[in-house]
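Given these sequences and hints, build the entire structure.
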Amino acid sequence: MSTRINDTTDLQAISRKRDLRRKTIPALAQAGPVSVWMILFVTLPMLYIIYISFMSRGVFGDVVYEFSLESYQTLLDSIYFKVIVKSLQVALFTTVACLLLGYPFAYYIARKPPAVASKLIMLIMIPFWTNSLMRLNSWLLLFQTSGPVNTFLQWAGITSEPVTFIYTDPLVMLGLVTNMLPFAVLPLYSTIEKLQNSLLEASSDLGANPRQTFFRITLPLTFPGIFSAVILVFIPSLGIYTVSDMLGGGKVLYIGNIIKNQFGSIRNWPLGAALSVLLLVITGALIFLYTRFSKLEDMEVV
Amino acid sequence: MPESIVSLIDVEKRFGSNLVVRKMNMEIQEGEFLTLLGPSGCGKTTTLRMIAGFEDATSGIIKVQGERVENKEPYQRDVNTVFQNYALFPHMTVFQNVAYGLTIKKVPKDEIRRRVTEMLSLVQLAGYENRKPDALSGGQKQRVAIARALINNPKVLLLDEPLGALDLKLRKQMQIELKRLQKKLGITFVYVTHDQEEALTMSDRIAVMNGGVIEQLDTPREIYDRPKTRFVAGFIGESNIFDGVVRAVDGDLLRVECPAGMLTTRGQGFQVGEEMHVSIRPEYLEVGTGKFEGFELPAKVKDFTYMGTVVKTALDLSDGTEVKLSRFEQDARFREGDAVQIFWDPDKSVAIKKAQA
Ligand SMILES: Nc1ncnc2c1ncn2[C@@H]1O[C@H](COP(=O)(O)OP(=O)(O)OP(=O)(O)O)[C@@H](O)[C@H]1O
Ligand SMILES: [Mg+2]
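So the sequences go chain by chain: V and A.
Just so you know, the working numbering puts 124 at position 124 of the first sequence, and the rest follows in order with no gaps.
Add 1000 to a position in the second sequence, counting from 1, and you land on the number used in the working numbering.
Possibly wrong hints are sitting among the right ones.
Here are the simulated lysine-lysine pairs, DSBU-like style, with alpha carbons at most 30 Å apart [stated by the list, open to error]:
| id | chain 1 | residue 1 | chain 2 | residue 2 |
| --- | --- | --- | --- | --- |
| 1 | V | Lys194 | A | Lys1132 |
| 2 | V | Lys112 | A | Lys1353 |
| 3 | A | Lys1063 | A | Lys1132 |
| 4 | A | Lys1324 | A | Lys1291 |
| 5 | A | Lys1155 | A | Lys1184 |
| 6 | A | Lys1155 | A | Lys1105 |
| 7 | A | Lys1353 | A | Lys1023 |
| 8 | A | Lys1072 | A | Lys1109 |
| 9 | A | Lys1155 | A | Lys1106 |
| 10 | A | Lys1155 | A | Lys1132 |
| 11 | A | Lys1105 | V | Lys194 |
| 12 | V | Lys194 | A | Lys1072 |
Everything labelled a hint here was simulated from the structure, so no lab data went into it.
Right, dumping it as structure tokens:
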């Protein structure tokens, strides 16, 4: 019995490979215009950045076209290394917070009738359409020393002195989380919405309480959405500099700010480029993991 | 009288203003194969879902093994369901799917392995343990769904059109297998279908539902031979139904006047002047010329249809309604357009009370 099953699996694998080849070539042809566009606007600038990162910096902040690994050595320098680690930590924190906040919210929306759900999604999108500088400024106003939050804390007797919120890590994280939350909710919503209710009913029918159903059925089946949310939140929060610039007041430094400064005021393009390459590598690694993971899923299903 | 395993007492279900199940009363006996049969939208699925606990009854009492379950969640009820779309967990193998209930109950690993293996061979799926549901055919998925439910040794197994998605041949085969399984395990089956042949061949008892009401709950024989309502008579098998008024009662012989003429039937508990219905199966209908005792139903032969093993004859009555007669051979005495008289053995027809409006 079991050998027969193996035979069919082999056959399936072979025909799938053949399918793949048959499908790849026309797909590439169709992607022609897209590839040109991608090469022009994505690949070329990226290659240029990589190229610059291996050059040296001139005395006046110009790029001297001489091969050098200096920028990459600088990255290992403890100051930069610490910033990189801290940026990773903050991005990780933001991602986890967005997942913890976003999942229940996405779940709630997905279980509503479609008409209500689309309105709720709209609500999530509204902050998107407001100017981000305005949004960040409003956080500053809320949390400044004489702002409403401090006034309230003192009024309620929780603190006697105003607390310094602005230009601190926690406020930056708050800004990041609120900024990134929609990127977590949308992919989560779209996978949770596809989850068949009968699967949850079947689980309950077979004796699983709601908690067991969540961990054994809901969570594994919505994993693709979780992974998309991770990528969509983690990568931008690693590179974004507006939030830390505004809410951190330049005192709180992340990779994003440093890159911006290298290309701007400090004028060390090779170092900025090397940092950008680092971000690219992290992004690439995550996307690689994602495709590997989803391929594995596919294979197991077949 | 044996203890009922499931009782529904005055159960009602309302979706908004839509009353989907009305004052339903039903006692399901331990070990029986009970089928809910009825047209689409009559509330079969809703009834089943209330027993399983997926739907709350708007009012009424539901008991499983004598214990009230209205406030129990599905996972606290000792019943299991086989879903129409199978609802297999796509991220789990066949083994993991079948083992699910036992894993939840934290049954020891080697016992799980033993029982899953046993269950899979019972549904003839040994060797398929490591497949994912996507790699199974419809019939195989159905077996996994059944195994996954049965492994929990439920008191009652609820099946909602479990064979609805299968082709005819596979369906016949699965009908036999399901019946065999039910007999072997002695588990109570509550089975939903709108295929009356399936209901008649598999069930110990059938509840014929219409518009949220059980019209009749009886053995297949009784349902077929002694329909209690006009709906049941028309829904199960083919029937010729006459609406009429009782004109004379002679013991249990009733003389009935209907728009097409006069007829005679047996029936008890009817009074002169009462409106009622008479149902006669096509195989019992007789045709002749001349006068027949107790009958006066002139008709005209309309056409003959060959249906493989039987010949159906359609006849028009004087009020324009059509009756059908079926025989193994065509009656050589008549041809299309002939004027004839219709009659039958009054023992063969069923007198049906008119439903209270
Ligand atoms: N969740 C719901 N909300 C509102 N109305 C519902 C809901 N579920 C069922 N109904 C309505 O209740 C009635 C009975 O539905 P039910 O699914 O029980 O019918 P059924 O007998 O199983 O029919 P079928 O043979 O088509 O499956 C239908 O009119 C249906 O539209
Ligand atoms: Mg149904």
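Verification of the hints:
In summary, the hint linking Lys194(V) to Lys1132(A) is supported, as the alpha carbons are separated by about 19 Å, within the 30 Å threshold. Only pairs whose Cα atoms come within 30 Å are accepted, and Lys112(V) paired with Lys1353(A) is rejected, the gap being roughly 47 Å. With a C-alpha separation of about 37 Å, the suggested pairing of Lys1063(A) with Lys1132(A) is violated against the 30 Å cut-off. A threshold of 30 Å between alpha carbons decides the hint, and for Lys1324(A) with Lys1291(A) the separation of about 20 Å falls inside it, so the pair holds.
For the proposed pair Lys1155(A) and Lys1184(A), the alpha carbon gap of about 14 Å is at most 30 Å, so the pair holds. For the given pair, Lys1155(A) sits about 17 Å from Lys1105(A) by alpha-carbon distance, which is consistent with the 30 Å threshold. For the suggested pair Lys1353(A) and Lys1023(A), the alpha carbons sit about 20 Å apart, so the restraint of at most 30 Å is met. Between the alpha carbons of Lys1072(A) and Lys1109(A) the distance comes to roughly 29 Å, so the proposed pair stays at or under 30 Å and holds.
For a cut-off of 30 Å, the pair hint linking Lys1155(A) to Lys1106(A) stands: about 20 Å separates their Cα positions. Pair hint Lys1155(A) plus Lys1132(A) holds up; C-alpha atoms about 28 Å apart against a cutoff of 30 Å. For the suggested pair Lys1105(A) and Lys194(V), the alpha carbons sit about 28 Å apart, so the restraint of at most 30 Å is met. Annotation: proposed proximity of Lys194(V) to Lys1072(A) holds, straight-line Cα distance about 28 Å (limit 30 Å).
Hint violations for this structure: numbers 2, 3, all remaining hints satisfied.
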